[in-house]
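> Now for the letters of each chain:
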Amino acid sequence: MLILIFISVFVENAVFIFAMGIDGLDKLAKEPRRALTLGFLLAIVTVASDAILWNLTYVQQHGIGYLMIVAAPIVAAGVSAAVAFIMKKLFADTYKKIGQYMIHIASNSAVVGMLCRVTPQAESLVDSVVRAALSAVGVVFAYVVFASIRERIPESKQPRALRGAPTLLIAAGLLAMVFCGFYGMRL
Amino acid sequence: MTLLDIIKKELAPGKLTATVLAGATVAVLATETLATALYVAAATAFMLIVSATVASALGKVTGEVGIRVVHLAVSAFTAMACAVIYAIAEVDAGADFAIIMAVSAVSGVIMYSCPQKGDGVLKTVISSAITAIFYAVLLVMTALIREFFGSGAYLGKEIMPHDVPFLLLPAGGLITLGILAAFINIIVNVIEKTRSAIVEKAVDKGGKATAETETEVKSEAEAETEAETAADVLVDPSADAADEDAENNADENTEDNGDA
Chain A
985 MLILIFISVF VENAVFIFAM GIDGLDKLAK EPRRALTLGF LLAIVTVASD
1035 AILWNLTYVQ QHGIGYLMIV AAPIVAAGVS AAVAFIMKKL FADTYKKIGQ
1085 YMIHIASNSA VVGMLCRVTP QAESLVDSVV RAALSAVGVV FAYVVFASIR
1135 ERIPESKQPR ALRGAPTLLI AAGLLAMVFC GFYGMRL
Chain B
19 MTLLDIIKKE LAPGKLTATV LAGATVAVLA TETLATALYV AAATAFMLIV
69 SATVASALGK VTGEVGIRVV HLAVSAFTAM ACAVIYAIAE VDAGADFAII
119 MAVSAVSGVI MYSCPQKGDG VLKTVISSAI TAIFYAVLLV MTALIREFFG
169 SGAYLGKEIM PHDVPFLLLP AGGLITLGIL AAFINIIVNV IEKTRSAIVE
219 KAVDKGGKAT AETETEVKSE AEAETEAETA ADVLVDPSAD AADEDAENNA
269 DENTEDNGDA
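Quick note, the sequences are listed as chains A and B, same order.
Going by my numbering, the first residue of the first sequence is number 985, and it counts up by one from there.
Going by my numbering, the first residue of the second sequence is number 19, and it counts up by one from there.
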């Protein structure tokens, strides 16, 4: 299990190796604590969507492959809305703090990308859910690490042209270079 | 709102780099080759314009939340339509084209272009078309750099003996996008400086102008200077933090509106 977690976090990281969910780095990875909480919600949405979509994948094997392009975003958005609703009812205080970010989880390209990549390859429902959960762990790790780096960016002086988006993209690129070192590693 | 106002709003300095960041995922995934970038640029433009137009047209019936739902659904269906059309036309757009299309359907470029309730259809079409053109240019530029320097090829034909394979990795794509975003910032800064220089010249010649015109021009020049000073102050870390807070508040307000 540890090896599987290591692979999904470092060797096949969805954000820095497969380039999914980079747009989420802007909104979801602002500070480490919040990134961890939002990442947890993102993992819940991913796993629940995956469980629903696996049944569609069964249909897909019978020749409706492109259905996944429509199904993945819509199912992810629906599950995200359901999670937001439940959170609002059960954890109202938490919802007040982070409920506004649910829209960014619903439209997160990491969720949709992982669903499209992982679900069709799975052999059973359990296999599919475990793969999705592990991929989500990788995304959470990436967001938390990036948020820790991002916290320090305002402390440093930057050239005027690099302020804002360029700094974030270059920082993400350098971090992706680090993860490239693990790519292809066999355990 | 005139056409010029819409163009100014869409091409505002902050908005351009925000578009680069919002579309970074697709930009990295789709720009390994120029051919894929062109196909994805065309598909994204189609998705952007169709989804925004339909959402805007149905906005009076559906309400604020309904607009977002319709927008997402239409962008997902148009993404599938593009993938099916390319498959029927036997276009070789890369192995992961279906995944890129699924990710495009929820990419920030499309999601942040969702019209507000009450936005006119024509205004929505124009603003989404401007965003689509800018994003297409960005994709093509990134793909040109990555394919030319990364594999030493142009449209699949080898033209350079040396290559830098690092550029074909996601890390290379992100750094290329970051550098392009920095260039956009530089160009915008140069334009702003030129504008303020023109305004200063106008102020110098103010003696000949009427008092009323002079006051107008001066106030414009003062606003420019204030903006420049504010931008310079941002180098200070504490000012940066304040800016970040302000940005957070703005984000939260926007998201509150969206949730509502």
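Think of the hints as simulated: they come from the structure by calculation, not from any bench.
Computed from a predicted model, the values in this text were never measured in an experiment.
Every residue gets a Cβ at the ideal spot worked out from N, C-alpha and C, and that includes glycine.
Mixed in with the good hints there might be a few duds.
Said to hold, decoys possible - Quick list of the computed label-pair ranges, beta carbon to beta carbon: (1) Gly1168/A / Glu176/B: 36 to 46 Å; (2) Met1169/A / Val102/B: 36 to 46 Å; (3) Lys1073/A / Ile103/B: 25 to 35 Å; (4) Phe1069/A / Gly136/B: 50 to 60 Å; (5) Ile25/B / Gln1142/A: 24 to 34 Å.
> If a hint holds in the structure, say so; if it does not, say that too.
Now for the hints, and whether the structure bears them out:
1. Gly1168/A / Glu176/B: 36 to 46 Å: violated (25 Å)
2. Met1169/A / Val102/B: 36 to 46 Å: holds (37 Å)
3. Lys1073/A / Ile103/B: 25 to 35 Å: At 43 Å between Cβs, range violated.
4. Phe1069/A / Gly136/B: 50 to 60 Å: Between Phe1069/A and Gly136/B, where Cβ atoms are some 27 Å apart, the hint is violated.
5. Ile25/B / Gln1142/A: 24 to 34 Å: holds (29 Å)
Taken one by one, the earlier hints fail for this structure at numbers 1, 3, 4, listed in ascending order.
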